[in-house]
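Enquirer: Residue strings, one per chain:
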Amino acid sequence: MSFLAAIRITGLSKNYGNVEVLRGVDLHIANGEFVVLVGPSGCGKSTLLRLIAGLEEPSAGEIHIGERLVNDLAPKDRDVAMVFQSYALYPHMTVRENMSFSLKLRDVPPQIIDASVRAASEKLGIQELLERKPRALSGGQRQRVAMGRALVREPKAFLFDEPLSNLDARLREQMRYEIRKLQRDLGTTSIYVTHDQIEALTMADRIVAMKDGIAQQIGAPSELYDDPANLFVAGFIGSPAMNFLDATLVEESDGIAVMLGRERFGKIRQQVQLREDRRVVVGVRPERIELADSSLGLPGHIELIEPTGLGMVLHLRFFGHRLKAFTAERLDARVNGPIGMAVAPADLLLFDPDSGLRIRPR
Amino acid sequence: MHRKGRSYWIRHYALISAYLLFALFPLFWLLKVSLTPNNLLYSEGVRLLPSQLSFEHYASVLSHTQFPLYFRNSVIVSVATSLVVALFASSAGYGFSRFQFRGKAWIVGMMLVTQMFPLVMIIAPIFKMLSPLGLTNSLTGLIVVYSAFNVPFASFLMQTFIDAVPKDLEEAAMLDGATRFGAAWRVVMPLTLPGLAATMGFVFTAAWSELLFALMLNSSSDASTFPVGLLSFVSKFSVDFGQMMAAGVLALVPVCVFFVFMQRYLVQGLTAGAMKG
Chain A
1 MSFLAAIRIT
11 GLSKNYGNVE
21 VLRGVDLHIA
31 NGEFVVLVGP
41 SGCGKSTLLR
51 LIAGLEEPSA
61 GEIHIGERLV
71 NDLAPKDRDV
81 AMVFQSYALY
91 PHMTVRENMS
101 FSLKLRDVPP
111 QIIDASVRAA
121 SEKLGIQELL
131 ERKPRALSGG
141 QRQRVAMGRA
151 LVREPKAFLF
161 DEPLSNLDAR
171 LREQMRYEIR
181 KLQRDLGTTS
191 IYVTHDQIEA
201 LTMADRIVAM
211 KDGIAQQIGA
221 PSELYDDPAN
231 LFVAGFIGSP
241 AMNFLDATLV
251 EESDGIAVML
261 GRERFGKIRQ
271 QVQLREDRRV
281 VVGVRPERIE
291 LADSSLGLPG
301 HIELIEPTGL
311 GMVLHLRFFG
321 HRLKAFTAER
331 LDARVNGPIG
341 MAVAPADLLL
351 FDPDSGLRIR
361 PR
Chain B
1 MHRKGRSYWI
11 RHYALISAYL
21 LFALFPLFWL
31 LKVSLTPNNL
41 LYSEGVRLLP
51 SQLSFEHYAS
61 VLSHTQFPLY
71 FRNSVIVSVA
81 TSLVVALFAS
91 SAGYGFSRFQ
101 FRGKAWIVGM
111 MLVTQMFPLV
121 MIIAPIFKML
131 SPLGLTNSLT
141 GLIVVYSAFN
151 VPFASFLMQT
161 FIDAVPKDLE
171 EAAMLDGATR
181 FGAAWRVVMP
191 LTLPGLAATM
201 GFVFTAAWSE
211 LLFALMLNSS
221 SDASTFPVGL
231 LSFVSKFSVD
241 FGQMMAAGVL
251 ALVPVCVFFV
261 FMQRYLVQGL
271 TAGAMKG
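Heads up: the sequence lines are chains A and B, in that order. The C-terminal residue of the first sequence carries number 362 in the working numbering, and the numbering is unbroken. The C-terminal residue of the second sequence carries number 277 in the working numbering, and the numbering is unbroken.
Excised from the complex, chain A in its bound form:
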């Protein structure tokens, strides 16, 4: 078991010709931490992972694994294991050969290889599959073998490149749990790439939300959810997604009113730095919109109701503005009927309409 496998990334950039895929990413990953890189496709998350693996060369910046600068180290000397989206099992080798490949290359004695493969396959419940070829395995089994191949090595770090995106929803949920549990037990530093914000929220110690090659926000899942740094993070994390409304702020004696056109939508109690034109984008999480009888609160109009089992998503209209609200209660609401809404002041997040940055209370 290797200790001191913290990963330190400073000013890391990657260009392909004139295309900047990664722009000055700084990220410190503590030993044993599970960090998820999340973002839409093309955001640079896979490139970042491949740079750490050594499959791509950085254009600028440094990568340290443990105490060692690995910029010029070949992938084989970095002592990291990677689980690919395609699993990348060697098709001409049995499961056992797949799992023992890396140990054989390291001239590990056969008895030890045997023991490691046995231990790893028991952990993953694939003992029965050892003599099979990958093509005789189901998707879920292949996924486990790919995990097993990483596991036997006891590497400094695990790198996961969208490992669950080829599985069906039920299996994905199960593997999410298994990967996380395995990682907790082993305490191996892990970096996990996904485009699925649910995976990020459920698995990560810390999330790195990425867009356009820039780490937009780095923090614990609850931090990104409750306190997003900008419009992108606010909109990407959470499902159903946050509502964004163009609003203007009007100062009043006891606070600042949030106006949607000429209608008052809510009120903020804290002081904020206002722009000259007082324009703002206001964000509200669907589940933070309180719903009530139509005689109370702001007058809403129900356009559509989507039951989710757990609760329901209501598509609402408020004076021409569209909103989504989520409630776990079984409301007696009807499509095309009226409904009352209210939003607590603390649940109104303000963003600069031009830069997209969060406007925080002073």
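Note that these hints are calculated values from the structure, not bench results. The beta-carbon is built from N, C-alpha and C at its ideal position, and this holds for glycine as well. Be careful, since some hints might not be right.
Stated by the list, open to error - In the DSSO-like style, the derived pairs of lysine-lysine whose C-alpha atoms are separated by at most 30 Å in a straight line are:
hint, chain 1, residue 1, chain 2, residue 2
1, A, 104, B, 167
2, A, 123, B, 167
3, B, 167, A, 133
4, A, 104, A, 181
5, B, 167, A, 211
6, A, 181, A, 133
7, B, 236, B, 32
Stated by the list, open to error - Pair ranges (Cβ atoms, derived):
hint, chain 1, residue 1, chain 2, residue 2, range
8, B, 18, A, 107, 56 to 62 Å
9, B, 179, A, 68, 43 to 49 Å
10, B, 164, A, 122, 33 to 39 Å
11, A, 18, B, 179, 29 to 35 Å
12, B, 261, A, 107, 32 to 38 Å
13, B, 6, A, 171, 42 to 48 Å
14, B, 102, A, 68, 28 to 34 Å
15, B, 102, A, 154, 39 to 45 Å
16, B, 164, A, 222, 43 to 49 Å
17, A, 222, B, 160, 48 to 54 Å
Put chain B on the given structure of chain A with help from the hints.
Expert: Chain B only, in chain A's frame:
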């Protein structure tokens, strides 16, 4: 699944049989003539089977002509050519498939250009080049020339086979502790064996049946290959068809053996199951 009707299968097999008949009939005729004794060869005319079979042509080809020597020469030249080409073509194909480098398009273009000339055009210059090097009248000379002419096409062939091996597999091997060469050797190579077999088969048969260079570059019979040898059955006043056909049948044997040996690799779809499935 919809079950095909009987008439479908009848038509199916009728067409296949017609094709096989068309393709194999010349071979049958070769075999037939080679087994027909000389005295019946002209007298019986165009009969499907001779009234009497004899191996006299085979016996005389093996004992009274230089054919065994030509045969040995052909084996040496073809095997060596296919090995040399396999080595260069798989390396070049790997390079074309996996690397981006300056001038790649030019190199590919130049390799295509080499395939565009009629070979007759360049026999004289090639002879001029090989002669001072002592490579005329030698099997080595033929191996060099055949290799040079087969590498470009074989490289393109190998490139498409290597393209079909997912890059992920190689990257996985490199993270597992292999060098790039190690990954290519242990992962890419085994998966492109069917392609390599096909390429070698192609090159082997090309070298095996090549006549033009073999005839022009090597005048001594010590360094003649069997296609040249076959010509020796054509003399000024007559053609010894019986012996020629017997020699032809014998010449088919190694090619058949080669393909029987390679067939296992040709039909194996090894990459199945590598990706998502």
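Enquirer: Each of the hints needs a verdict: does it hold here or not?
Expert: Verification of the supplied hints:
| no. | hint | result |
| --- | --- | --- |
| 1 | A:104 <-> B:167 | holds, 21 Å |
| 2 | A:123 <-> B:167 | holds, 29 Å |
| 3 | B:167 <-> A:133 | holds, 19 Å |
| 4 | A:104 <-> A:181 | holds, 28 Å |
| 5 | B:167 <-> A:211 | holds, 26 Å |
| 6 | A:181 <-> A:133 | holds, 27 Å |
| 7 | B:236 <-> B:32 | holds, 25 Å |
| 8 | B:18 <-> A:107: 56 to 62 Å | holds, 60 Å |
| 9 | B:179 <-> A:68: 43 to 49 Å | violated, 19 Å |
| 10 | B:164 <-> A:122: 33 to 39 Å | holds, 35 Å |
| 11 | A:18 <-> B:179: 29 to 35 Å | holds, 32 Å |
| 12 | B:261 <-> A:107: 32 to 38 Å | holds, 34 Å |
| 13 | B:6 <-> A:171: 42 to 48 Å | holds, 45 Å |
| 14 | B:102 <-> A:68: 28 to 34 Å | holds, 33 Å |
| 15 | B:102 <-> A:154: 39 to 45 Å | holds, 41 Å |
| 16 | B:164 <-> A:222: 43 to 49 Å | holds, 46 Å |
| 17 | A:222 <-> B:160: 48 to 54 Å | holds, 51 Å |
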